[in-house]
Amino acid sequence: MPPPSSPLQHETASAHTPSLGIPLLRFDELASTNDTARELAAAGHSEGTAILARRQTAGKGRQGRVWSSPADEGLYLSIILRPQLPAPQASLMPLAAAIAVAEMLSFDFHTAADIKWPNDVRINERKICGILVESSIENGLLQSAILGIGINIAQQNFPDELHDVATSLYLETGQAFAPDEVLPPLLARLNQWYPAALRRPDQVIERWQQLSSFAHDCAVRIVSGDATLEGITRGLTASGALRLELANGEWRDIVAGEVSLRKTS
Amino acid sequence: MNLKELRELIELVSEKGIAEFEMERQGFRLRICRNKPSEQPVAPLLVQAHAPLPQDLAVLAATPTPAPVAPLAPVAPAIAVPVEEPLNIIKSPIVGTFYRAPSPQAEVFVKVGDRVENDTVVCIIEAMKLMNEIQAEMSGIVAKIYVENGQPVEYGQPLFGIRS
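These protein sequences, in sequence, are chains A and B. According to the working numbering, the first sequence is numbered sequentially starting from 1. According to the working numbering, the second sequence is numbered sequentially starting from 1.
Honestly, the hints are just simulated from the structure, not real lab data. Careful: at least some of the hints might be erroneous.
Stated by the list, open to error - Facing chain A, a subset of chain B residues (Cβ under 8 Å, in silico): (1) VAL95; (2) SER103; (3) PRO104; (4) MET128; (5) ASN132; (6) GLY150; (7) GLN151; (8) GLN157; (9) PRO158; (10) LEU159.
As the list claims (entries may be wrong) - For the chain B half of the interface with chain A, some residues (derived, Cβ under 7 Å), not all of them: (11) ASN88; (12) ILE89; (13) PRO93; (14) THR97; (15) GLU126; (16) ALA127; (17) LYS129; (18) MET131; (19) GLU133; (20) ILE134; (21) MET138; (22) GLY140.
Think of the CB as a built atom: it goes at the ideal place given N, C-alpha and C, for glycine as much as any other residue.
Take the sequences, apply the hints, and build the full model.
This is the structure:
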């Protein structure tokens with residue numbers, strides 16, 4: 001069955017092009033930059049407002065997980081977005097953010113960054129960046145969304161539970177960068193790709209597929225809730241869902257779940 | 001049939017002195033019997049529903065009888081009247097995975113019996129790691145939750161039934 005069409009409205013999508021990162025609000029310590037950004041968004045702060053913390057005491061991951069956020073060792077950033085899009089058309093925002101991070105790491109810092117569907121950025125199969133987008137839907141419109149980005153920068157080692165799954169810019173390049181050296185190139189690329197997510201979804205899909213080793217012909221396992229699916233990836237749908245060909249030849253469009261590589265024996 | 005219609009029907013049966021009235025509609029059967037009209041101003045009421053009743057219908061006690069009653073035959077003293085009350089439905093605005101709580105350890109956003117207002121967050125639907133908080137956009141009491149936590153939902157799929 002073909003995927004539901006995603007009539008992203010090229011013409012009617014907001015003509016405004018906000019500057020993400022302006023203003024930039026800096027904090028020494030926050031529980032979670034996403035939570036602070038939500039409060040500021042609810043208080044009416046404008047699109048593009050960015051919240052940066054040197055340290056988070058309860059950095060947020062998906063489904064209540066914690067993002068390890070020691071002081072000055074990572075970039076902990078949240079940005080207020082107000083895309084004013086019908087909710088089904090906003091699903092490319094997390095993918096566009098992953099493109100911005102992967103391009104920044106690959107081209108500005110010369111690493112071999114990969115994207116695991118939908119938006120984990122990895123180097124050598126270890127996660128260096130997590131992206132969490134939290135939105136609020138009213139009357140079918142995405143009223144506001146908080147784009148949260150955590151990037152491991154200066155960590156020289158990780159706690160045991162993260163040792164095999166996480167990496168940092170320092171571990172990958174041998175160079176000690178400061179979060180403030182990562183922020184400008186990141187914002188520049190977000191300012192390129194966020195408008196694309198709203199107006200040129202085709203470009204986002206194409207670029208994501210270029211940057212991700214998971215896009216095509218990759219044997220994966222996907223766990224979503226109690227269900228587990230295994231199959232071969234067959235690219236993205238127009239809305240960013242991962243197309244999976246199952247062993248019985250059936251195709252499924254995956255919109256949520258944890259993807260892992262399936263080692264073929 | 002709602003409570004108002006039922007009351008009107010009983011009043012009509014009572015007013016017109018009808019001894020017995022029975023109707024059946026969409027698996028719902030109703031029978032109203034009067035005692036001897038001359039002796040009893042108001043009759044005992046018997047309502048039967050033979051079809052399995054949808055669980056989300058409100059079950060109300062029968063209208064109290066204002067006068068002493070002398071039943072002809074043994075009749076169940078407390079009589080439940082199922083009343084069909086249409087629920088307002090909160091539907092999914094997107095395709096995704098439905099979560100009732102912000103995290104597996106956290107309290108659910110809402111449960112059956114909770115009151116919701118327009119801006120009450122009732123669930124999260126995740127798509128492409130976009131965690132979408134869904135607001136009730138209506139006020140009332142949560143009467144029904146149609147989807148289990150962690151299940152996939154389609155665009156337009158009913159999520160919650162709200163009694164206004």
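Problem set entry | Unmet hints by their number, sorted upward, for this structure | Of the numbered hints given earlier, those the structure breaks are 8, 9, 10, 11, 12, 21 and 22, listed in rising order.
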